[in-house]
Each structure stands twice: as C-alpha cells, then as structure tokens.
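Asks: Take a look at the letters that make up each chain.
Number of protein chains: 2
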Amino acid sequence: MNPITKLFNIDFPIIQGGMVWCSGYKLASAVSNAGGLGLIGSGSMTPQLLEEHITKCFATTQKPFGVNVPLLYPHAEEHIHTIIRTGVKIVFTSAGNPNTFTSLLKENGITVVHVIANSKFALKAEKAGVDAIVAEGFEAGGHNGREETTTLCLLPIIRKITQLPLIAAGGIFDGKSWLAAEILGADAIQIGTRFAACKESSAHDNFKHAVRNAMEGSTQLSLKKLTPVRMLKNAFYEEVAKAESMGANIESLKLLLGKGRSKKGIFEGNLTEGEMEIGQAAALLSREESASDIIEDLIAGHEAAKRKVAASTKP
Amino acid sequence: MNPITKLFNIDFPIIQGGMVWCSGYKLASAVSNAGGLGLIGSGSMTPQLLEEHITKCFATTQKPFGVNVPLLYPHAEEHIHTIIRTGVKIVFTSAGNPNTFTSLLKENGITVVHVIANSKFALKAEKAGVDAIVAEGFEAGGHNGREETTTLCLLPIIRKITQLPLIAAGGIFDGKSWLAAEILGADAIQIGTRFAACKESSAHDNFKHAVRNAMEGSTQLSLKKLTPVRMLKNAFYEEVAKAESMGANIESLKLLLGKGRSKKGIFEGNLTEGEMEIGQAAALLSREESASDIIEDLIAGHEAAKRKVAASTKP
Numbered sequence: 000m001n002p003i004t005k006l007f008n009i010d011f012p013i014i015q016g017g018m019v020w021c022s023g024y025k026l027a028s029a030v031s032n033a034g035g036l037g038l039i040g041s042g043s044m045t046p047q048l049l050e051e052h053i054t055k056c057f058a059t060t061q062k063p064f065g066v067n068v069p070l071l072y073p074h075a076e077e078h079i080h081t082i083i084r085t086g087v088k089i090v091f092t093s094a095g096n097p098n099t100f101t102s103l104l105k106e107n108g109i110t111v112v113h114v115i116a117n118s119k120f121a122l123k124a125e126k127a128g129v130d131a132i133v134a135e136g137f138e139a140g141g142h143n144g145r146e147e148t149t150t151l152c153l154l155p156i157i158r159k160i161t162q163l164p165l166i167a168a169g170g171i172f173d174g175k176s177w178l179a180a181e182i183l184g185a186d187a188i189q190i191g192t193r194f195a196a197c198k199e200s201s202a203h204d205n206f207k208h209a210v211r212n213a214m215e216g217s218t219q220l221s222l223k224k225l226t227p228v229r230m231l232k233n234a235f236y237e238e239v240a241k242a243e244s245m246g247a248n249i250e251s252l253k254l255l256l257g258k259g260r261s262k263k264g265i266f267e268g269n270l271t272e273g274e275m276e277i278g279q280a281a282a283l284l285s286r287e288e289s290a291s292d293i294i295e296d297l298i299a300g301h302e303a304a305k306r307k308v309a310a311s312t313k314p
Numbered sequence: 000m001n002p003i004t005k006l007f008n009i010d011f012p013i014i015q016g017g018m019v020w021c022s023g024y025k026l027a028s029a030v031s032n033a034g035g036l037g038l039i040g041s042g043s044m045t046p047q048l049l050e051e052h053i054t055k056c057f058a059t060t061q062k063p064f065g066v067n068v069p070l071l072y073p074h075a076e077e078h079i080h081t082i083i084r085t086g087v088k089i090v091f092t093s094a095g096n097p098n099t100f101t102s103l104l105k106e107n108g109i110t111v112v113h114v115i116a117n118s119k120f121a122l123k124a125e126k127a128g129v130d131a132i133v134a135e136g137f138e139a140g141g142h143n144g145r146e147e148t149t150t151l152c153l154l155p156i157i158r159k160i161t162q163l164p165l166i167a168a169g170g171i172f173d174g175k176s177w178l179a180a181e182i183l184g185a186d187a188i189q190i191g192t193r194f195a196a197c198k199e200s201s202a203h204d205n206f207k208h209a210v211r212n213a214m215e216g217s218t219q220l221s222l223k224k225l226t227p228v229r230m231l232k233n234a235f236y237e238e239v240a241k242a243e244s245m246g247a248n249i250e251s252l253k254l255l256l257g258k259g260r261s262k263k264g265i266f267e268g269n270l271t272e273g274e275m276e277i278g279q280a281a282a283l284l285s286r287e288e289s290a291s292d293i294i295e296d297l298i299a300g301h302e303a304a305k306r307k308v309a310a311s312t313k314p
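First to last, the sequence lines map onto chains A and B. Numbering follows numbering that gives the first Met the number 0, in which position 98 of the first sequence is assigned residue number 97; successive positions increment by one, without gaps. Numbering follows numbering that gives the first Met the number 0, in which position 96 of the second sequence is assigned residue number 95; successive positions increment by one, without gaps.
Just so you know, these hints were derived from the structure itself, not from any lab. Misleading hints may appear alongside valid ones.
Note that identical chains are pooled: a pair holds if it fits in a single copy or bridges any two copies.
[Claimed, not checked] Okay, derived cross-link-like pairs now, DSSO-like style, lysine-lysine, Cα gap no bigger than 30 Å in a straight line: (1) K88 x K5; (2) K305 x K159; (3) K105 x K62; (4) K232 x K123.
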C-alpha cells in the first residue's frame with residue numbers, strides 16, 4: 000500500500016507540481032483524470048481567478064485535485080479562505096512557514112502537504128501537523144532553497160528524520176528517476192518541468208519551445224540575494240547575472256526584477272525580457288506530449304526499470 | 000558482465016575518487032585490496048612524492064590501482080611521465096582537455112578515464128579515445144562544473160549520447176544511491192566524500208571530524224569566478240562569500256585565495272583559514288569507518304536495495 004495514493008485516493012503516486020502561469024484547471028484536471036494528482040498553482044492568480052479555476056476543475060474532473068499556495072505571494076491568506084469555502088480537499092503550501100495555515104486547514108478537513116528543502120523545515124512541518132512533505136532539490140525550477148541540496152542528497156537526509164509520507168521533487172523526469180527517488184526513500188514524485196511544457200499547460204508556446212530546446216547548463220539558480228529562483232538563461236538572466244557579478248545589492252536587484260517578470264516570460268512568451276522559471280530536467284525534454292502521455296510513459300518506464308533491477312537480482 | 004569491472008579487472012564497480020590531500024597510497028591500496036579501484040590523487044603532490052606513493056602502492060597491493068591527474072595543476076605533465084615510467088596502468092584525468100594526454104597514455108598501454116560535467120566534454124572525451132567517463136554532478140566536493148547540473152539530471156543526459164562505460168560521481172554515498180545511479184544509466188560509482196573521511200585517508204583528523212559533523216547546507220559551491228569548488232562553510236568561506244557578494248573581481252579573489260589553502264584545511268586541519276573541499280554527501284556521514292567497512296556496507300546496501308525493488312515487482 001502506497002501511503003501517498005492512500006492519502007489522496009489516487010491511482011498513481013504522481014503529483015503535478017503547482018506552477019505559476021502553467022497549472023490552471025486544464026492541466027490539473029487532465030493530470031487527475033489520468034490517475035495522478037493535479038494541482039492548481041495559485042501563485043499567479045487573483046482570488047477571483049483562483050475561484051474560477053477551482054469551479055472549472057470540479058466541473059472537469061471527478062477525481063481528487065489540489066491547490067498549491069506559495070505563502071510568499073500577496074494573496075496567500077485570501078487563497079486559503081477561497082480553498083476552504085469552495086470545498087477543495089488537498090492543499091500544498093510552499094515558500095513559507097508551515098505553522099501559518101496548517102491548523103486552520105486541518106480543522107476544515109483538508110489534507111495538507113508542505114514543500115521543504117532542508118531538514119529544519121521538514122521537522123517544522125511535521126510539528127505543524129502536515130500529512131506529508133515534498134522534499135525539493137536544487138535542480139527544481141522556480142523558487143528554491145538556499146542550501147542548494149540536490150534531490151539525490153536531500154531525500155536520504157529527510158527520510159532519516161521523519162516517517163511522514165515523502166514526495167520527491169526536483170529533477171524527476173521519467174520512470175527511471177521515479178524509481179531512483181523511491182530507492183532513496185520517496186513514496187511518490189512531484190513533476191513540474193515536464194508538465195509545464197505539456198499540451199494542457201497554460202504557458203505560452205514560445206516558453207514551451209524554449210524549454211524543449213534547453214540543454215544542460217541552460218538553467219541557473221539566480222537572484223539568490225532575493226528569493227533564489229531557477230530560470231532559463233536569457234537576456235533578462237544575463238542582465239541579472241552581470242549585476243550580481245558586480246555586487247548589486249537587494250534594492251537594485253528588486254528594481255531590475257520589477258513586477259510581472261514571470262508572467263512576461265511564461266504566460267506572454269517574451270523570451271528576452273521574461274523570467275522563464277524551469278528546472279534542470281528541461282534538458283531531457285524534446286517532444287510535445289499531453290498530460291496523459293506523460294503519466295503513461297512514467298508508469299511504463301517505472302515498470303520497465305523495476306523489471307530490469309529484478310532481473311539482475313539473485314533470488 | 001559489468002563493463003567497468005571488466006575494464007579495470009576489479010571485483011566491484013566502486014571507484015575511490017582521487018582527492019587532494021586525502022588519497023595517497025594508504026587509501027588507494029586499502030580500497031583496491033577491498034575489491035574496488037583505489038586512485039592516488041596526484042593533484043596535491045610533487046613529482047617526487049607521486050613517485051613515492053606509486054612505489055608504495057605497488058608494494059601494498061597486488062590489485063589494480065590508478066592515479067587521478069587534475070590537468071589544471073602545474074605538475075600535470077610531469078605526473079603523466081612519472082605514471083608511464085613507473086608502470087601504472089590506469090589514469091583518471093580531470094579538470095582539463097581530454098585531448099592533451101589521452102593518445103600518449105593509450106600508446107603506453109594505459110587505460111584512460113576522463114571526468115566530465117557536461118555532454119560537450121563527454122563527446123570530446125569519447126573522440127579523444129578514452130576508455131570510460133566519470134559524470135560528476137553539482138553535489139560533488141572539490142572542483143566542479145560551471146553548469147551546476149546535478150547527478151540525477153546529468154546521468155541520463157550523458158547515457159543518452161554515449162555508449163562508453165559510465166561512472167557516476169557526486170552525491171553517491173551508499174548502496175541505495177549506487178542502485179539509483181545504475182538505474183539512471185551508470186555502470187559504476189565513484190565515491191569521494193565518504194572515503195575522504197575514512198581511517199586510511201591522509202586528511203587531518205580535524206577535517207574528518209568537521210566532515211562528519213556537516214549537515215545539509217554545510218557545503219557550498221564557491222569561487223565561481225575562478226574555478227568553482229565545493230567546500231565546507233567556515234571563516235575562509237564566509238570571507239570569500241562576502242567578497243563575492245560585493246562584486247570582487249578575479250584578481251582580488253586570487254589574492255584572497257592565496258596559495259596552499261586546501262593543504263591548510265584538509266591536511267593541516269586549520270578549520271578557520273583552510274579550504275575544506277568536500278561534497279554534499281558529508282551531511283550523510285556520521286561514524287568513523289575503514290575503507291573496507293565502506294566497501295562492505297556499499298555491497299550489502301546495494302544488494303538489499305535491489306531485493307526490495309525485486310520484491311515489489313510483478314513477475
């Protein structure tokens with residue numbers, strides 16, 4: 000019995016990461032309909048827009064789905080109340096303190112998962128009463144931990160200190176990396192990058208093409224003096240890198256970043272001025288797929304990888 | 000048949016990374032005697048000292064061993080000639096161009112392995128005629144690639160573009176991460192950090208204790224404007240980080256680094272002023288072990304991890 004499929008009542012322990020400008024109801028319902036857990040990414044939404052997406056998600060899938068709430072975004076508290084009011088049953092919180100909303104959500108019968116990047120926050124989340132944790136490594140796209148611990152090292156560290164159901168994130172891409180994550184202690188996987196580039200993602204086609212063309216070294220963790228974020232290297236990235244190299248302070252980096260950079264890059268497809276948040280796994284992507292193609296490929300690849308190990312194991 | 004055990008004529012596909020100030024003949028021969036492949040790390044040695052260590056290694060093991068030559072060090076060319084003259088049969092080159100010495104080494108009947116951190120250098124090494132490659136991820140200690148690609152992402156990228164025997168390095172620590180690396184395409188593993196802290200390592204006890212006390216986030220890739228290097232965070236690291244944050248240029252970083260920093264940290268055990276090169280896997284270390292303890296634990300852990308996968312696989 001897998002603790003994550005049991006917790007969420009889903010067919011496969013595959014979670015689609017909630018991502019700004021990528022994961023509206025279309026992507027979330029497609030993933031949930033294919034047997035995984037779809038997450039609406041509320042970080043890029045106004046409260047009204049989130050409510051619309053929740054309503055549409057209920058209309059397009061009978062299966063469980065959830066909402067990801069990055070706690071650093073201005074609408075986080077309103078989002079939590081929208082989620083409670085509309086009857087969403089699963090919430091992933093990230094980029095903030097797990098104590099802030101976990102009790103309130105649990106009192107309302109909601110399953111709570113918190114995203115962490117180190118053992119300190121894993122223990123804090125456990126103490127706050129979350130039902131599961133996502134351990135996200137350095138290779139993940141978007142906002143990311145300051146310790147820069149990779150998924151390969153983070154998973155065994157977290158598995159050692161907590162018995163909570165554990166979801167691996169960062170660099171997980173196919174059935175092989177899924178099995179690798181399981182061996183390192185994960186009960187399930189969360190995939191962002193591959194779903195960000197799929198058909199049902201609401202990202203701009205320019206962004207999806209750029210992601211599919213990425214190589215290793217095409218992304219970099221940047222803006223570490225603000226909130227570290229992994230993005231594709233483009234003209235905007237180079238401008239930030241140059242400023243950082245010359246010792247730019249927090250204020251001047253904030254000015255350089257401005258407002259709406261991730262919308263410009265991901266949703267509007269401005270490849271030069273936008274912030275193109277994506278993970279290192281982009282280097283492994285090449286073809287256009289649907290969410291259900293991805294789930295099918297993951298399951299087939301995972302089974303094949305397991306059989307290969309089993310075939311080389313003495314009874 | 001494992002292509003790496005066959006290539007080196009060793010019992011287990013486990014390689015002890017060649018490390019400055021840690022891996023003299025004592026460590027290399029202990030690893031080789033336990034059935035892995037020990038490497039003398041020539042980066043911290045004068046040509047005379049390397050010759051001494053090679054002579055002593057031949058005297059203390061009948062098994063195959065090799066020498067690692069970081070090509071960025073001043074004695075690299077002399078080291079290559081010492082290796083040829085003394086009859087060493089395996090060389091790992093790193094941190095430089097695989098074209099420089101591969102032909103010369105191969106003409107002298109030496110098996111050549113090159114360490115890479117991206118696909119460009121993997122293809123370059125293949126073209127140069129190497130017998131195998133080490134793909135080293137961002138989590139590895141010491142000098143490291145600029146793309147910052149993690150082992151989890153790097154292995155499948157490299158496996159896709161070459162059929163050369165592939166050795167995984169960076170974050171590999173136990174039988175579980177070994178099996179994970181195999182699933183991702185590796186034929187063998189190279190372990191640095193865990194051997195750097197073991198009994199036969201020539202590192203100072205202060206250094207070994209500091210490594211065993213490390214947590215996640217205790218190491219950082221630093222000095223990126225010079226040659227990126229992963230080290231423990233100590234007073235020296237903080238001084239570098241502060242200078243980098245304020246935009247220090249290459250010249251002032253070179254001045255700050257000075258000469259002999261890694262010797263001071265690793266060999267002399269100066270925990271404040273030394274450069275303490277080590278990988279993220281330090282966070283997973285806690286007890287004192289011998290090289291043969293490590294090999295035994297790896298083999299038992301690998302078998303157990305395989306059996307666990309096999310037990311959950313439908314026939």
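Asks: Decide, hint by hint, whether the structure agrees.
Replies: Hints, verified against the model:
no.: 1; hint: K88 x K5; result: within (14 Å within a copy, 55 Å between copies)
no.: 2; hint: K305 x K159; result: both (24 Å within a copy, 19 Å between copies)
no.: 3; hint: K105 x K62; result: within (20 Å within a copy, 61 Å between copies)
no.: 4; hint: K232 x K123; result: between (34 Å within a copy, 24 Å between copies)
Violated hints for the displayed structure: none, as all numbered hints are satisfied.
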